[in-house]
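Please put together the full structure from these sequences, using the hints given.
Below are the chains, spelled out letter by letter.
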Amino acid sequence: MIAVKKLVKRFGLKTVLRGVDFEVQPGEFVALLGPNGAGKTTFLRILASLSRPSLGDVQVAGYHLPNESAQVRARLGVVSHLPLLYGDLTAEENLRFYARMYNITNYETRITEVLEMIGLENRRRDLVRTFSRGMEQRLAIGRAVLHDPDVILFDEPYTGLDQDASAMLDGVLKTVAAQGRTVVMTSHDLARAEELATRFDVLSRGVIAASTSSSGLGQNNLLTFYKQALAG
Amino acid sequence: MTIKSSSADDRPQTADRESNRLSSIVHGQPSSNFLKAISAVVWKDLQAEFRSRELFSAMLVFSLLVILIFNFALDLDIKTRQSVTAGVLWVTFAFAGTLGLNRSMAIEKDRGCLDGLLLAPVDRSAIYFGKAISNLAFMLIVEAIVLPVYSALYNTNLFQPGLLLVILLGSIGYVAVGTLLAAMTVQTRTRDILLPILLFPVVIPLLLAAVQASNGVLTAAEASQIMRWINMLIAYDIILISTAYMLFDYVVEE
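For the record, the sequence lines run as chains C and Z. For the first sequence, counting from 1, position 188 maps to 188 in this note's numbering; every step adds exactly one. Numbering-wise, this note's numbering comes out as the position in the second sequence, counting from 1, plus 1000.
Because the hints were derived from the structure by calculation, they are not lab data. Every residue gets a Cβ at the ideal spot worked out from N, C-alpha and C, and that includes glycine. Among the hints, a few may not be true.
Anything over 10 Å on all C-beta distances counts as not near chain C; from chain Z, calculated [what the hints assert, rightly or not]: (1) D1075; (2) A1144; (3) L1207.
According to the in silico footprint, chain Z covers these stretches of chain C (three or more CB under 8 Å from chain Z) [said to hold, decoys possible]: (4) 86-94; (5) 99-105; (6) 193-207.
The following block contains the structure:
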């Protein structure tokens, strides 16, 4: 579903990604781990066609980036630590706007389905600026799955959430993953990553330093694997 | 269950994913997507602005203050006032327009909404046209309020079809390049300062033509003389819109 070969990304003289090789099979839930500044967000922005690769080959859902970016975007949902929602619009107005941008013709039914899935049906007519951070993040997930994408990218989705909101987001994330979507999530929260993901990749110094499946962790916990990957 | 999409046939699917697909989603034809995206952006901007009135009130109050200050500063006789009208008007529109352009893009940037727009599977120039049309609408509404106030303060009749045409053409060009540059400067920390610094040098020929044409209309100059400046405005509008259309994708992508 995602195939990245020798990806390099430079910002001026600074090289952030130094030849990343990365592959994700359909239906996999990959947690992309790494310290601050490792290039996780840059990597996800390239997959989302928000940033152009300097070198290398990037394919998402069978389409090449950056040349087939519109086709990729039609099959992709993105959730970041920013909500990507308009505070002066209501929840349903936000979803209606994005439904029109994604050219979904019978969007009212779909909006209701999504609002029910994220548990915001009774707040559909409230302005987003009155929402708590947790509600905003759930609506952000609703926006990301509105067009039923094959691939979803989560960039630090738990940032700024309290425990209750995080637990609620866990439930929404599990629902999204259970629908058979391919998920790539960056996170600093190793416990949550271990609970949700089926594979763990560590991005360090601009390359994938280590990769393992949840079964491949064996008796080690994710923290041990992560520390070894960074030390190596 | 199947989904009709713009190119659903060549879309890689897994059996599990296919069985989980939601039948309620039906995508329209790509050809209609461009216009639909433009109208969605315009409608969204108008709806959000109707609620907050942030952008509109800032532009309007600023414009009214500027013409009021000019009214006190240029305490001139009626004849001289008429000769400075075009200049005062365009200075007011240009400065108020910058405020609006900055705010319009800042709204997109602050909550990451610009990324949300760029993630939509539409030609990104549709986003540009949507933003430009809504910026133009805000600017024209402010101008429609400023003109009668100016007429009353300066005792000058500004409701002449020729002048309204010049204001429309000048505003189109100003917004066309302003929207592009605002999309560029919004990525920087000094966006409020950077936009006028980049915008004003680019729009000098446009403002020159707009002021000359406005002056020509207000002083009842010969039609051929006015048309020369109006033609220049039209040419400049076409050049600016075409350039912005070609560059917008590169400006917004990292």
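Sort out which numbered hints this structure fails and list those numbers smallest first. 6
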